[in-house]
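Taking the hints as your guide, dock the two standalone chains into a single complex.
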Amino acid sequence: AQSVTQLDSHVSVSEGTPVLLRCNYSSSYSPSLFWYVQHPNKGLQLLLKYTSAATLVKGINGFEAEFKKSETSFHLTKPSAHMSDAAEYFCVVSDRGGSYIPTFGRGTSLIVHP
Amino acid sequence: GAGVSQTPSNKVTEKGKYVELRCDPISGHTALYWYRQSLGQGPEFLIYFQGTGAADDSGLPNDRFFAVRPEGSVSTLKIQRTERGDSAVYLCASSLSGGETQYFGPGTRLLVL
Chain A
564 AQSVTQLDSH VSVSEGTPVL LRCNYSSSYS PSLFWYVQHP NKGLQLLLKY
614 TSAATLVKGI NGFEAEFKKS ETSFHLTKPS AHMSDAAEYF CVVSDRGGSY
664 IPTFGRGTSL IVHP
Chain B
7 GAGVSQTPSN KVTEKGKYVE LRCDPISGHT ALYWYRQSLG QGPEFLIYFQ
57 GTGAADDSGL PNDRFFAVRP EGSVSTLKIQ RTERGDSAVY LCASSLSGGE
107 TQYFGPGTRL LVL
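Taken in sequence, the protein lines are chains A and B. The first sequence maps to residues 564 to 677 in this note's numbering. The second sequence maps to residues 7 to 119 in this note's numbering.
Take these hints with a grain of salt, some might be off.
Below 25 Å or equal to it, Euclidean Cα-Cα: the simulated BS3-like pairs (lysine-lysine) are [to be verified]:
hint, chain 1, residue 1, chain 2, residue 2
1, A, K631, A, K612
2, A, K605, A, K621
3, B, K21, A, K632
4, A, K621, A, K631
5, A, K632, B, K84
6, B, K21, B, K84
Simulated restraints, written as ranges between beta carbons of each label pair [said to hold, decoys possible]:
hint, chain 1, residue 1, chain 2, residue 2, range
7, B, E89, A, H676, 23 to 33 Å
8, B, G91, A, K632, 30 to 40 Å
9, B, S103, A, A616, 16 to 26 Å
10, B, G78, A, M646, 34 to 44 Å
11, B, Q86, A, P581, 27 to 37 Å
12, A, S572, B, T19, 26 to 36 Å
13, A, A617, B, N68, 38 to 48 Å
14, B, L45, A, S591, 39 to 49 Å
15, A, L619, B, E20, 49 to 59 Å
16, B, N16, A, I674, 39 to 49 Å
17, B, R28, A, K605, 14 to 24 Å
18, A, R669, B, T107, 14 to 24 Å
19, A, P642, B, T19, 30 to 40 Å
20, A, R669, B, G9, 20 to 30 Å
Think of the hints as simulated: they come from the structure by calculation, not from any bench. In this text, all values refer to a predicted model and were calculated from it rather than measured experimentally. Yeah, the Cβ is synthetic: ideal placement off N, Cα and C, and Gly gets one too.
Bound conformation, chain B alone (with noise of 0.2 Å):
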């Protein structure tokens, strides 16, 4: 079946404007999560969906970022007034409920000029 997907794979935008950026997860999976990956470094938890509900958003950087997920499935991260230091890759994953294997997907990669 269909992996996890996320659009756009690609980001260019200018300081101080907004973005969204989407995640399709597998079918069926319950929890579904946001990572933020600097160069050189391991992916940053940022926040945890089970169903529609953010079970765990602790590692949300500042009250710019937001994200939804209202119908339990699809998940968009909403940056507002973006910063030069957001810029990076932004991963999605799911899961078949907490706790289990996350399956990722192949990221957005976000350029703030």
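Excised from the complex, chain A in its bound form (with noise of 0.2 Å):
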């Protein structure tokens, strides 16, 4: 069985300010872990995803996500928020041991304030 939790509803920042979006999760198996972006009308977008080798993740537009299993977590970071980066955040866990069904988190939208 697998959950994924965002423990945040909406986060707010400043532009210029570093961004932390919260994720934890359960697995049963050694689990795949993505974040997906989605801008307003936008389709879903792909961030970053961790599949076993480093835990430290990079993904496009500055962002990054540390796998910490012992916290089971995968919280999403960025130095410094940009206007662009308003929009809803998904994180997505996946059981690479299981039925490859993902289970999506509930969203956390990002308000980033002039």
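Structure representation (structure tokens):
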């Protein structure tokens, strides 16, 4: 069984300040973990993914995430927010030893103030 | 190359009608997924195809929902006797094979009046 919890429904930051979007997961197998971004009226776009190589994963647009098995976390960070980062972010877990059916979190809305 | 495409982009129908939603995956992708996303929620899994066969349809909410992928490429999601609660964005994604990175289409926004 697998599940994912995004700890914040909304995160508000000022432009140029760091971003932290939190995600915790549970998985019966070695998980694959993903972060997707969804801009208004746009399709879901992959930001980054973890599949058991390096625990610190770098993605597009300056985002990165760190897989911490002991904490069952996969938090998404960015050193400096840009206005264009305002969007909905989804954390996703998929059991690689299981059925390949991913489970999405409920999403975190990132608001960036000028 | 072309990404995943979905048609129509918007569909308005009346309660009780039948609708078909189409997904064109990325060429060569053997895995295809359908999801439903309600307002303020993450995508909810409906069905997963590996090739022509439905490898997992455990997410279909009831027998009014059905999907096919007869030639292992294009897929159609079919909803019979639509209800207002079926209103949502229906997303399609494809991947090279099961468990690989999924690439999403823009979705079909279904509104049942």
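Hints, verified against the model:
no.	hint	in the structure
1	A:K631 <-> A:K612	14 Å, holds
2	A:K605 <-> A:K621	23 Å, holds
3	B:K21 <-> A:K632	47 Å, violated
4	A:K621 <-> A:K631	15 Å, holds
5	A:K632 <-> B:K84	40 Å, violated
6	B:K21 <-> B:K84	14 Å, holds
7	B:E89 <-> A:H676: 23 to 33 Å	40 Å, violated
8	B:G91 <-> A:K632: 30 to 40 Å	39 Å, holds
9	B:S103 <-> A:A616: 16 to 26 Å	18 Å, holds
10	B:G78 <-> A:M646: 34 to 44 Å	42 Å, holds
11	B:Q86 <-> A:P581: 27 to 37 Å	49 Å, violated
12	A:S572 <-> B:T19: 26 to 36 Å	31 Å, holds
13	A:A617 <-> B:N68: 38 to 48 Å	43 Å, holds
14	B:L45 <-> A:S591: 39 to 49 Å	31 Å, violated
15	A:L619 <-> B:E20: 49 to 59 Å	52 Å, holds
16	B:N16 <-> A:I674: 39 to 49 Å	27 Å, violated
17	B:R28 <-> A:K605: 14 to 24 Å	19 Å, holds
18	A:R669 <-> B:T107: 14 to 24 Å	21 Å, holds
19	A:P642 <-> B:T19: 30 to 40 Å	47 Å, violated
20	A:R669 <-> B:G9: 20 to 30 Å	25 Å, holds
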